[in-house]
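Protein chains: 2
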Amino acid sequence: MKDIAFLGLGVMGYPMAGHLQAAGYSVTVYNRTSSKAQRWVEEHQGQSAATPALAAKGADIVFVCVGNDDDLRQVVAGPEGAVHGMKSGAVLVDHTTASATVARELSAVLQDKGCQFLDAPVSGGQQGAENAALTVMMGGDEIVFGQVKPIVDVMARSVQLLGPVGSGQLCKMVNQICIAGLVQGLAEGLHFAEQAGLDGKKVVEVISKGAAQSWQMDNRHETMLAGEYEHGFAVDWMRKDLSIVLDEARHNSSRLPVTALVDQFYGDVQNMGGGRWDTSSLLARLTPESSSEK
Amino acid sequence: MKDIAFLGLGVMGYPMAGHLQAAGYSVTVYNRTSSKAQRWVEEHQGQSAATPALAAKGADIVFVCVGNDDDLRQVVAGPEGAVHGMKSGAVLVDHTTASATVARELSAVLQDKGCQFLDAPVSGGQQGAENAALTVMMGGDEIVFGQVKPIVDVMARSVQLLGPVGSGQLCKMVNQICIAGLVQGLAEGLHFAEQAGLDGKKVVEVISKGAAQSWQMDNRHETMLAGEYEHGFAVDWMRKDLSIVLDEARHNSSRLPVTALVDQFYGDVQNMGGGRWDTSSLLARLTPESSSEK
Numbered sequence: 018m019k020d021i022a023f024l025g026l027g028v029m030g031y032p033m034a035g036h037l038q039a040a041g042y043s044v045t046v047y048n049r050t051s052s053k054a055q056r057w058v059e060e061h062q063g064q065s066a067a068t069p070a071l072a073a074k075g076a077d078i079v080f081v082c083v084g085n086d087d088d089l090r091q092v093v094a095g096p097e098g099a100v101h102g103m104k105s106g107a108v109l110v111d112h113t114t115a116s117a118t119v120a121r122e123l124s125a126v127l128q129d130k131g132c133q134f135l136d137a138p139v140s141g142g143q144q145g146a147e148n149a150a151l152t153v154m155m156g157g158d159e160i161v162f163g164q165v166k167p168i169v170d171v172m173a174r175s176v177q178l179l180g181p182v183g184s185g186q187l188c189k190m191v192n193q194i195c196i197a198g199l200v201q202g203l204a205e206g207l208h209f210a211e212q213a214g215l216d217g218k219k220v221v222e223v224i225s226k227g228a229a230q231s232w233q234m235d236n237r238h239e240t241m242l243a244g245e246y247e248h249g250f251a252v253d254w255m256r257k258d259l260s261i262v263l264d265e266a267r268h269n270s271s272r273l274p275v276t277a278l279v280d281q282f283y284g285d286v287q288n289m290g291g292g293r294w295d296t297s298s299l300l301a302r303l304t305p306e307s308s309s310e311k
Numbered sequence: 018m019k020d021i022a023f024l025g026l027g028v029m030g031y032p033m034a035g036h037l038q039a040a041g042y043s044v045t046v047y048n049r050t051s052s053k054a055q056r057w058v059e060e061h062q063g064q065s066a067a068t069p070a071l072a073a074k075g076a077d078i079v080f081v082c083v084g085n086d087d088d089l090r091q092v093v094a095g096p097e098g099a100v101h102g103m104k105s106g107a108v109l110v111d112h113t114t115a116s117a118t119v120a121r122e123l124s125a126v127l128q129d130k131g132c133q134f135l136d137a138p139v140s141g142g143q144q145g146a147e148n149a150a151l152t153v154m155m156g157g158d159e160i161v162f163g164q165v166k167p168i169v170d171v172m173a174r175s176v177q178l179l180g181p182v183g184s185g186q187l188c189k190m191v192n193q194i195c196i197a198g199l200v201q202g203l204a205e206g207l208h209f210a211e212q213a214g215l216d217g218k219k220v221v222e223v224i225s226k227g228a229a230q231s232w233q234m235d236n237r238h239e240t241m242l243a244g245e246y247e248h249g250f251a252v253d254w255m256r257k258d259l260s261i262v263l264d265e266a267r268h269n270s271s272r273l274p275v276t277a278l279v280d281q282f283y284g285d286v287q288n289m290g291g292g293r294w295d296t297s298s299l300l301a302r303l304t305p306e307s308s309s310e311k
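So the sequence lines, in the order shown, correspond to chains A and B. Residue numbers for the first sequence follow my numbering, so the first one is 18 and each next one is one higher. Residue numbers for the second sequence follow my numbering, so the first one is 18 and each next one is one higher.
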């Protein structure tokens, strides 16, 4: 049976680590706020450690799921980082949505220690994490991927290798780019419907059968029309992701005019006090009276 | 058996009129270019008339499907327009994608003659018209709608009443607004994937299972990645529709920043010689080398 470390017990990591322990793996967790690690240990009968390095000691696989590039660097390669505890041949699987640059950087650090790195950002949100129904987009070596996939499968509905280290992050970026334009288009459409005096639900019933259809239209139009923005991924997190996207686009010479604009619009939503609203709150920015407050 | 007139035998009107004749109605067609009307009569054993007024004479329902507001005004209320031939109690059903303003204007003209008007723009494209699988978005009186719906059903998969005269056009506008942002988002996503060296098809395979999914992603990513832009609604027509949308938005005080920007981008595509390319050619604008020419 494999020994596993899981670093980062946020809304995603907490249930993900739980699925691994429930599947019979021996999981040692680390969390910056130790009380949460304590709660996890009590709930799941696992173990916890005081530092990432101690948690990683002896582990065959070290999973990480933290907030951003800086947190990730700290927890993997900082003074008490996982790399100082990992044994040769161990694999680090990073579920953080981070830059492709930090993925390549940490991969190099780990290879110097005889370890392997796979970037593995996820989509599916908190619900996907809780229901073990995540989509995992991975980048790294094909053989290493083959070794860890059966274990990642425990938390996921779909686990795919996209290419070398960084490719998982780049795929996640494509996902966020598509969503940015799509949600703004949907928000403008529903805003226009309201301004035109149409019954928004009836309009969606008609147009969602055709070329305007999207997951966002199917799953978010009712809450958007009700001015409820508490049903998914938060604007603060989207802005973090879009910042990574726009940095990467600068490096690879992509032209992302609408993504850059929608990033600014999300900044407006933050200024409206909507940093914790979900990404569909672009509509609230167009129609300020229809906010979560009403 | 009802007598029907059908005015305008373009790529949409030609097969639509054919379905009506095939369903057993007695159809008299009119087309500006009379050779096309002649061809239709030979193919469908119907009748043709030399002017809209003559075609509309004695008809219970007059269908119209022409290019734009000006064509519509001409064919309905011009010197030889349908209104001069229509009998009291007859209904005009307009399948043109036009402004809500012209719909209201022509409705008033017809009411003065004791006739009724329904705006009824469609989605589903040429293929939908040929396969009698259109979505029809109607605006007008509920009783009149109930009278004509069984006949419109002959050409359509879905026929819905959205509200008073003009509501069909407004619903179609919402459809085009949603598509504009959505397709630009998808184009930026696929462009970024190419620039990042990812396998675009594999990326779509992964992200189309989640929150980035759309009809456009499912049905257009392969042709987009191949730089083929000959699979649907043309940019020239989209610009016409977006012009109507942006006019209406000025009237009803809608804020459509991305729709307005994407309209400009479609202008770039026209300047690249892509007026006849399909709407997914926003990608060609980002990556000029991947055009239909290659």
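Incorrect hints may have been included.
For identical chains, the list gives no copy identity; a pair is met inside one copy or between any two copies.
Here are the simulated lysine to any residue pairs, SDA-like style, with alpha carbons at most 20 Å apart [stated by the list, open to error]: (1) LYS226 / ASN236; (2) LYS226 / GLY131; (3) LYS218 / TRP232; (4) LYS53 / ARG121; (5) LYS104 / LYS130; (6) LYS219 / GLU159; (7) LYS19 / GLU97.
Everything labelled a hint here was simulated from the structure, so no lab data went into it.
Cross-check of the supplied hints:
1. LYS226 / ASN236: both (14 Å within a copy, 13 Å between copies)
2. LYS226 / GLY131: neither (53 Å within a copy, 35 Å between copies)
3. LYS218 / TRP232: both (15 Å within a copy, 19 Å between copies)
4. LYS53 / ARG121: neither (30 Å within a copy, 63 Å between copies)
5. LYS104 / LYS130: within (8 Å within a copy, 89 Å between copies)
6. LYS219 / GLU159: between (48 Å within a copy, 15 Å between copies)
7. LYS19 / GLU97: Close neither inside one copy (23 Å) nor across copies (84 Å); limit 20 Å.
Comparing the model with each earlier hint shows violations of hints 2, 4 and 7; every other hint is respected.
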